[in-house]
Each structure stands twice: as structure tokens, then as C-alpha cells.
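With chain S's structure known, arrange chain A on it following the hints.
Here the protein sequences line up with chains S and A, keeping their order.
Just so you know, we're using the working numbering here: the first sequence kicks off at 14 and counts up by one.
Just so you know, we're using the working numbering here: the second sequence kicks off at 473 and counts up by one.
Everything labelled a hint here was simulated from the structure, so no lab data went into it.
A couple of the hints might just be wrong.
[What the hints assert, rightly or not] With the Cβ distance kept under 7 Å, some of the chain S side facing chain A (calculated, not the full set): (1) P29; (2) Q30; (3) A33; (4) N78; (5) V80; (6) I81.
This one's a predicted model, so the numbers in the text were calculated from it and none came from an experiment.
Here a beta-carbon is modelled for each residue, glycine too, at the ideal position from N, C-alpha and C.
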Amino acid sequence: MKARIHVTLKDGVLDPQGRAIHHALEGLGFGGVEDVRAGRLIELTLADGTNDEDIDAMCRKLLANMVIENYRVEKVA
Amino acid sequence: MKSAVITFPGSNCDRDLAVAIERVTGHAPIRLWHGEQSLPEGLDLIGVPGGFSYGDYLRSGAMAARSPVIGAVVEAAERGVAVLGICNGFQILTEAGLLPGALMRNAGIRFVCRTVGLKVENASSRFTSLYEAGETIRIPVAHHDGNYFADDATLDRIEGEGQVAFRYAEPVNGSARDIAGVLNAKGNVLGMMPHPERVVESQHGHTDGARMFEGLARSVLERA
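The shape of chain A in the complex, shown without the other chains:
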């Protein structure tokens, strides 16, 4: 699997994501700086990591979504390359228009940092194929702006199309319909607030995140 992880000024989960991808799949991602105008050829996966890009100026993810590399990411997504946005990466992908909705300040105002239960809603995407539909997994969250919002018509549409990948199994941040992770209509872009890259080895306490990267690697082999 050929992958790349993008670093923005203020990203802080880029290394964790790169290490998780390498440990699980055996292939080290290419590390890219946000100022790149183009992407390496033949990518199977682009990782947009967590952090506080541009210090969350204006809105979380707003500045990063207008950085040079994102134009190339949008083009790659249109070609069907898998794009995974985690936490700030999810915020960036919604700001870039690759995913519906927006991430707002947590309903309880506070930063939430703990491991939460997530219900797998869609287990047929290339990100989630190694999970069971309806299964509850445990993945950590760490965010201030994870309160997912979209208007009712959009929520009805994405629920009907199977674009809700994960739902919180407990109250976390006030997200509409407890949505924790969203796919685009084609199913090749996933944004999620929880951090699967933080739970891929037994020393992490859980390994529920590993199946996402294993599933992505397997989907590449199956499509080859």
C-alpha cells in the first residue's frame, strides 16, 4: 500500500499516524508538507492527521483546507484515492468540502480527552471492512471542536446512503445523531473525530484501531 501523511503547521498526530500505518501494514507512508502543489504518483491512501493546524485560527481546519496541497487531495479524492481525515483532519476535510457538515465547539464547551465506545454503522467501506456492522469498538477522542452538525435534510441523506461510518455509543460532544465518522458519497473519503492511530498495538491498551489500517491495506490488494 502506497500512502502519504500530510503535515500542516500545527499538526501533532502526523507522526503517530505514519507510525501506525507502517506498523500495521508494513509500508511506511511518504511524509508531505502542506505547501506541496502535487502528490506522488500512485497513492492508495492519503492521511490528513489530527492537531491544531494554524492554531485553529478562524475555524478549526479552515486555513489548512485552503493550503496548496488540499487542491491536489481534492483531485485525488475525485479519482478514487482513499482519504482518511482524523480529528483536525476531519475538520479540514469538511472545510474543504470533501465531506458534508461541519464540526463545532463541543456542546459541553470542554475539551474531551478519553476513550469512548463507537458503534460501527457501515462495515462495507474500504476503511471499515474488517469491523462488524453494529459492533462497538473503543477508540480515544481528544478534541474541543467535535460536535458534528449538518441540517436535517443532509443528515437524512447521509444516513440513507450509508455514509455514517461510526456513531458514539455514549454522550461525547453533542454531535447530531451521535455521528462520529462520515464517509463521502463514493465511500473513498472518511472523516472521524476519534483517533484509530492511537490504538494499534497491545501496549496502547486497545488495538481496535489496527483493523482500519489492515482493512485499507487489504482493499488495495483486492483492487489490484
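One chain only, chain S, in its complex shape:
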């Protein structure tokens, strides 16, 4: 079983990297980009039967910093 953990900055947290990417896109001539937020994707390969509580605990204890980030777990067959 695989789980993809999407880690994103919380709303309201300044994202200098997203802003630099946004600026670079504009520099390449892409108009119409209103905002860019950069995040992180972590793919876990898990033993079958790994429970949701454990995955949540992994996210809260290490994969995301709950002061600045949110996470979303996407299970992949």
C-alpha cells in the first residue's frame, strides 16, 4: 500500500519560494498566474494494514511541522 502525503503551508504563512516561482513564471511570459504556493510530496510505501492513526501520527510527529504546515493523506492502491 502506498500513501502520498501532501504537505502544504498554512494559509497566511508567507511562502517566499512560491513567490519566487511566481516571479519566474511571469519572467517566462506566463500571464494570468494569480498566486503560487510551493509544498512537498512524500510517498510512503506501507505494510498492508497500517492503520490511519499511525499515518496521522507520522505526519504530525515528523512529516509536517504543524506550526506552519498542513498535510493531506492520499491513499494509493
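Below, chain A alone, put in the same frame as chain S:
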């Protein structure tokens, strides 16, 4: 003063910190590897140095904050032992939950490496007692992830409790309310992005960092 300086894989200011503590206080720190499960008895100060522990993988300080020795550091901090985290050490202490907030990528994206002015906000902690409140000192910074963030409620709380130890006197990295150094609620844990260990001898060009280590040594004598 009995102190220890921890080395993580990728620390690069551990020796500087140990030398500064020894030169200023006359007592050489014990050097500890991050894999230690326990700390020597009777420590007065634990130094968590700057560098790029674990190559800044995942987030700056995130991996080091989960290393074996940090469990012992958290216990020691709860007992009241002084813990000083500098630069990457500050990032490690926030990741370990010993200090509020988080250190994010500098607002200007670039690595900042220069000497900056710091305003002393709290001159009553055991780290800062030899500074004057409101005084501006000069200490070098060298970091990519020094942009201090905490939500407004947390910022209001730490400001109200006197937990802001230092504030930048000039724009440096986009930190919330220009915060450069933060104390825990009890005042025995300090994290700061600037490097006091780099300015302790006249040959360094400034000696503004020396008073931090002198103050720590004096606080140990006063509490004995």
C-alpha cells in the same frame, strides 16, 4: 560552569561554540555526539550549535530534533538546565517543541551572511543579564532559514511574557516582528539565529557575544 556542546552530522559551529565557551568562561565544554541517549550529570548549560544538521533534509532542524540526544535535552530543559540553540540549533529547538514558532526560508530567498544590529529586549534572563535592555549589539548572522514565524496569538503571548530576547535592528530575513531570539516560558532555553560565539575576542572585530557566556557563567555562580 559545566557545559556540553552537541554535534550532529552536519553541524559546523560546534567547535566554535566550544572554543568560545572555554575562552570566555575558562571551562571547556564536554563534546557530545547526537547518538547519546543520556547527558552527563550536573550540566549547567547545553549548547546546540549551528550548521546544516542532516543536510537540512525535510526541514532545517527536523531530523536532528528527533535524534536520541534531544530526548535527554528536553528532560534537562524541564529540570531547568540552560539550553542555548544558535542558528541551526534554534531551528532544532523549535522543531523539538522546546521553543514556540518555526524558522522559515528568508523572505528575500537569499542566504544572509553579515553582521547585523540586534536590540536586546530582555536583559533579565541568565543568557542576557550582562546586556542592557534596549541596547543595540552587533552579532553576525549566516543563515538561509531564519525567518521567524508564529501565529499572532503566539507572538502576542511571547511578547507579553518577555520571551523575545533579541530583535533585529534592521531588515534581515523577514522575521515576524523582527524577532531574532526567543526564550521559553521559564527563561532557561534560548534560541537565536545570530552567532554570539563568533564575536568573543578582539581579533573577531567585535566582542559583543562574550557577555552572553560571561552572564551564563555568572548565573551559575549566583545560583550555587
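Structure-based check of each hint:
1. With a least beta-carbon distance of about 5 Å to chain A, the hint placing P29 of chain S at the interface is held under the 7 Å criterion.
2. The interface hint given for Q30 of chain S holds, since its Cβ lies 6 Å from the closest Cβ of chain A, which is under the 7 Å cut-off.
3. Interface hint at A33 of chain S: satisfied, since its Cβ lies 5 Å from the closest Cβ of chain A, which is below the 7 Å cut-off.
4. Given the 7 Å rule on beta carbons, the hint for N78 of chain S holds: about 6 Å separates it from the nearest Cβ of chain A.
5. At a threshold of 7 Å, the smallest CB-CB gap from V80 of chain S to chain A is about 4 Å, leaving the interface hint in force.
6. Contact between I81 of chain S and chain A, as hinted, is supported at the beta carbon level, the nearest pair being about 5 Å apart and thus within 7 Å.
Hint compliance for this structure: no hint is broken.
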